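Chains as they are written, first to last, in our numbering: chain F, 56 to 426; chain E, 4 to 261.
Mixed in with the good hints there might be a few duds.
Chain E side only, calculated, beta carbon under 10 Å to chain F, not exhaustive [to be verified]:
| no. | residue |
| --- | --- |
| 1 | V99 |
| 2 | F132 |
| 3 | V134 |
| 4 | S137 |
In silico lysine-lysine, BS3-like type, Cα no more than 25 Å apart, as pairs [unchecked claim]:
| no. | chain 1 | residue 1 | chain 2 | residue 2 |
| --- | --- | --- | --- | --- |
| 5 | E | K255 | F | K72 |
| 6 | E | K255 | F | K94 |
| 7 | F | K72 | E | K17 |
| 8 | F | K94 | E | K97 |
| 9 | F | K266 | F | K377 |
| 10 | E | K200 | F | K130 |
| 11 | F | K176 | E | K21 |
| 12 | E | K97 | F | K419 |
| 13 | F | K294 | F | K266 |
| 14 | E | K17 | E | K90 |
| 15 | F | K317 | F | K302 |
| 16 | F | K266 | F | K360 |
| 17 | F | K136 | E | K17 |
| 18 | F | K377 | F | K333 |
| 19 | E | K97 | F | K130 |
Which stretches of chain F does chain E cover? Using the computed rule of at least three CB atoms under 8 Å from a CB of chain E, they are [claimed, not checked]:
| no. | region |
| --- | --- |
| 20 | 105-115 |
| 21 | 164-176 |
| 22 | 342-352 |
| 23 | 356-363 |
Derived from the structure by calculation, the hints contain no laboratory data.
Owing to the predicted nature of the structure, the values given are computational and were not obtained by experimental measurement.
Every residue gets a Cβ at the ideal spot worked out from N, C-alpha and C, and that includes glycine.
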Amino acid sequence: MNADNAIEVRNLTKEFKVSRDGAKTLKEFLVRRHTRSEKHVVLSDISLDIRKGETVGLIGVNGSGKSTLLKLMTKIIYPTKGTVETNGRVTSLLELGAGFHPDFTGRENIYFNASIFGMTKKQIDGRLDDIIAFSELGPAIDDPIRTYSSGMYMRLAFSVAINVDADILLIDEILAVGDAHFQKKCFDKLEELKRSGTTIVIVSHALDQVKSLCTRCVWIYRGQLRLDGDPTYVIEAYKKQSAIDHKEERKAAIANGTADYKGVVFIDAPRSLTVVNKGESLPLIGWKIADSDEYDFTITANGEKVSGIKEVPRPDVIDIYKDEYAGYIEGTKPGFEAFYIPEAEGELDIRAFITIDGRDIAEKSVTVTVE
Amino acid sequence: MMLREIYNYRELLKTSVKKDVRGRYKGSVLGVLWSFINPLLQVLVYAIVFPYLMKGAADHYVVYLVTGIIPWTFFQTVVSQSTICIKSNASVIKKVYFPRIVLPLSICISGLINFFISCVIVVAFCLIFGVGISWHLVFVPLIAVIEGMSAFALGTFFSAVDAYIQDMEHIVNFILTMAMYGAPIIYELTIFPTHSKIASIVDINPMTKIMNSYRDAFMYHRIPDMAALGGVFLLSLVMCIFAVAIFNRMQKGFAEQF
């Protein structure tokens, strides 16, 4: 193993046997017919080196294999094929509060938790004050933790986790909990660890934090190493792919009826229950969005179709809905503009709606009085 | 090697034992007393019932019972709690790396500590019922360590198996219940006709040797049979080596079983 590397992964493959009703009892073991067990390949032929002192972000959608990779690096599970080698003390933070016992005090639980991470009493004694200070628990540190609120519990567990001695620190999404103040404290601490030369691998969905903290980003896509490099670049590629996949999934779900299109229509003008003048050109202004590349948009006035609908840019709408309607809204002109001249006095019902595959999926109506 | 790892994680071993010994009864009114009440109740039941069943029960039958039941309880609890320790710690095993052997090891050590505390009760019984105590008590820790080794070996082995075959715990508990009758814990060896098959089978049982040694130390004020003890020690040592080797092999798959 190269002395500059903290972790070396070579041709790593991990399969899980997914058996329906695995033989868990003695009877089943003895009487075993070939239970249908499927092989689920979680990671496929992954090779990568992580140098000492690097801070690497591991990204990918849920189920892509990132947590499994972390567990393989920690030797909680073992590879089906390939090797994982580490050089240095590895500490993995996959869960908060491991080893906590509710009837013991916060102080005692610090020892329980830190000792599971492999720290000796001397090391824990040295860190005790830092941990207690970081947790901001004050005198409650000497109360049994079953009296703690969930926030206090989290803070205690956080404080131990972030103050653990390690050469190589593997963190799995546990930093996603806790309030904003605490998250900031944790990331400041991570920066400090980074500066002191600790190798850090962090799994996170908070892409902005990955960008600011990590010097390198590895993207695991469907069990394979897809991209490895500068965080900004990799994250953009990841986002693009996610948008495409999301679209595909929606299409499939709609096709087999488990989901339907969604959309929003809004009419800015005219306002409902206002009065308009007969014979005067009435502007119909608003916007519409849908999660489909193609759709029919119609405006009716008292049931009669309005013609001459123009598409108009609405950057404010795009800004609001850019995440929710990612993949469908970029580069479009969501606004609409049309004109209608009311000929008759009385109630005028204006209805704007989106139709896809013959179904109305979104609409908005206003009613005005014509005089 | 594994011993080095256990040394590195010695604080974890310490805290686990602490949790087992103190944690079990924290918050309950009777506290640590609970670990004695169970065996004492057993002693009570047998002491009342058996003299009638057996007509001609041993001299100082109550002391005889106590010096058998309390050491047996030590063995039984270590084996039966170790069997489920991997399963009960599934959530931690899935998320943190630590040498898994610490789990059954901490159960054995905390069992040993609990046993030494209960020895106070045994001594109390000896004094109260006029049997008296002698310097031979010094052998008790030695016997306890040997008994603990065999309990550790069995517990470790079963804990590994139970992770994969989950009715192991029921089988183990059943065997333990039956096994209590396979050694002279509540009865004396003399109830069997001398030179009979069954007498020799019971006599060969290593647990019999251990029980005899405890009684020598507590009751009869004799030096225990060192040859027999030595034999049991060697057997326990071999069992430990096997059990640990098997455990190490099987532990790779623990995290995936739950």
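Hints, verified against the model:
no., hint, verdict
1, V99, "holds (5 Å)"
2, F132, "violated (37 Å)"
3, V134, "violated (39 Å)"
4, S137, "violated (39 Å)"
5, E:K255 x F:K72, "holds (15 Å)"
6, E:K255 x F:K94, "holds (18 Å)"
7, F:K72 x E:K17, "violated (36 Å)"
8, F:K94 x E:K97, "holds (20 Å)"
9, F:K266 x F:K377, "holds (20 Å)"
10, E:K200 x F:K130, "violated (51 Å)"
11, F:K176 x E:K21, "holds (14 Å)"
12, E:K97 x F:K419, "violated (52 Å)"
13, F:K294 x F:K266, "holds (13 Å)"
14, E:K17 x E:K90, "holds (21 Å)"
15, F:K317 x F:K302, "holds (13 Å)"
16, F:K266 x F:K360, "violated (50 Å)"
17, F:K136 x E:K17, "violated (36 Å)"
18, F:K377 x F:K333, "violated (39 Å)"
19, E:K97 x F:K130, "holds (10 Å)"
20, 105-115, "violated (count 0)"
21, 164-176, "holds (count 10)"
22, 342-352, "violated (count 0)"
23, 356-363, "violated (count 0)"
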